[in-house]
Amino acid sequence: MKKILFTAVLACLAAACIAPLPQVPKLNLSLPVAATEETSWNSADYKGKPILIAFMGSWCPWCKRSLPALDAASAAFAGKAEVVGAFADSDKEAVLAVIKQHNMQTKALYNARQAGTEMGVQGFPHIMLFDKKHRLVRAWNGYSPDLEAQFKEELSKLTK
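In terms of numbering that gives the first Met the number 0, the sequence shown has 141 at position 142, counting the first letter as 1, and numbering is strictly consecutive.
Errors might be hidden in some of the hints.
Below, simulated SDA-like cross-link-like pairs (lysine to any residue); rule was C-alpha separation at most 25 Å, straight line [what the hints assert, rightly or not]:
1. Lys-131 - Asp-145
2. Lys-91 - Glu-37
3. Lys-151 - Ser-42
Derived CB-CB ranges, DEER-like [said to hold, decoys possible]:
4. Pro-60 - Glu-152: 21 to 27 Å
5. Glu-152 - Glu-92: 31 to 37 Å
6. Gln-104 - Ser-155: 18 to 24 Å
7. Lys-131 - Ser-89: 30 to 36 Å
8. Ser-39 - Lys-132: 30 to 36 Å
9. Asp-145 - Glu-37: 16 to 22 Å
10. Glu-36 - Ala-96: 17 to 23 Å
11. Gln-113 - Glu-37: 15 to 21 Å
12. Glu-37 - Ala-93: 15 to 21 Å
13. Gln-104 - Pro-31: 17 to 23 Å
14. Gln-100 - Lys-132: 32 to 38 Å
15. Trp-58 - Lys-156: 29 to 35 Å
16. Gln-113 - Glu-152: 28 to 34 Å
Note that these hints are calculated values from the structure, not bench results. All C-beta atoms in this analysis are idealised placements derived from N, C-alpha and C, irrespective of residue type, glycine included.
Required output: the full structure, derived from the provided sequences and hints.
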């Protein structure tokens with residue numbers, strides 16, 4: 000009995016050793032910008048700054064409810080951190096409509112479906128926070144009424 004148990008434990012440990020580690024998203028994005036004079040946004044341009052990126056869709060009601068928290072973070076950490084909304088939509092006009100309807104102040108990117116897929120996004124909103132070296136430090140899945148406070152707390156730690 001002990002031999003069987005020992006063999007089972009060894010088999011589990013061996014399986015754990017060869018199981019693939021979860022992929023950590025790499026921040027290497029270049030996306031078009033919807034409503035500014037900038038035509039494209041590249042994460043590499045923000046070396047040394049934390050980046051908060053919210054993947055969303057123009058059709059998503061929970062994403063729209065997250066916009067005030069994004070705008071508050073964008074305003075509070077202007078110049079210290081980059082805060083962007085990355086819409087899956089390839090239709091720039093759909094994104095511009097959301098910007099106008101919700102008076103969105105945060106920089107809005109679009110055509111981010113493929114980038115989101117590559118970064119492991121499986122639902123909206125999906126918000127990722129990267130440190131100054133662009134390593135993932137926190138992710139939020141879905142909407143929460145206290146996102147604004149959470150963004151402020153986490154970005155404060157990274158912008159000291």
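Hints, one by one, checked against the model:
{"no.": "1", "hint": "Lys-131 - Asp-145", "in the structure": "holds, 24 Å"}
{"no.": "2", "hint": "Lys-91 - Glu-37", "in the structure": "holds, 14 Å"}
{"no.": "3", "hint": "Lys-151 - Ser-42", "in the structure": "holds, 21 Å"}
{"no.": "4", "hint": "Pro-60 - Glu-152: 21 to 27 Å", "in the structure": "holds, 25 Å"}
{"no.": "5", "hint": "Glu-152 - Glu-92: 31 to 37 Å", "in the structure": "holds, 35 Å"}
{"no.": "6", "hint": "Gln-104 - Ser-155: 18 to 24 Å", "in the structure": "holds, 20 Å"}
{"no.": "7", "hint": "Lys-131 - Ser-89: 30 to 36 Å", "in the structure": "holds, 31 Å"}
{"no.": "8", "hint": "Ser-39 - Lys-132: 30 to 36 Å", "in the structure": "violated, 22 Å"}
{"no.": "9", "hint": "Asp-145 - Glu-37: 16 to 22 Å", "in the structure": "violated, 31 Å"}
{"no.": "10", "hint": "Glu-36 - Ala-96: 17 to 23 Å", "in the structure": "holds, 20 Å"}
{"no.": "11", "hint": "Gln-113 - Glu-37: 15 to 21 Å", "in the structure": "holds, 20 Å"}
{"no.": "12", "hint": "Glu-37 - Ala-93: 15 to 21 Å", "in the structure": "holds, 19 Å"}
{"no.": "13", "hint": "Gln-104 - Pro-31: 17 to 23 Å", "in the structure": "holds, 19 Å"}
{"no.": "14", "hint": "Gln-100 - Lys-132: 32 to 38 Å", "in the structure": "holds, 36 Å"}
{"no.": "15", "hint": "Trp-58 - Lys-156: 29 to 35 Å", "in the structure": "holds, 33 Å"}
{"no.": "16", "hint": "Gln-113 - Glu-152: 28 to 34 Å", "in the structure": "holds, 31 Å"}
Hints 8, 9 from the list above are not met by this structure, while the remaining hints are.
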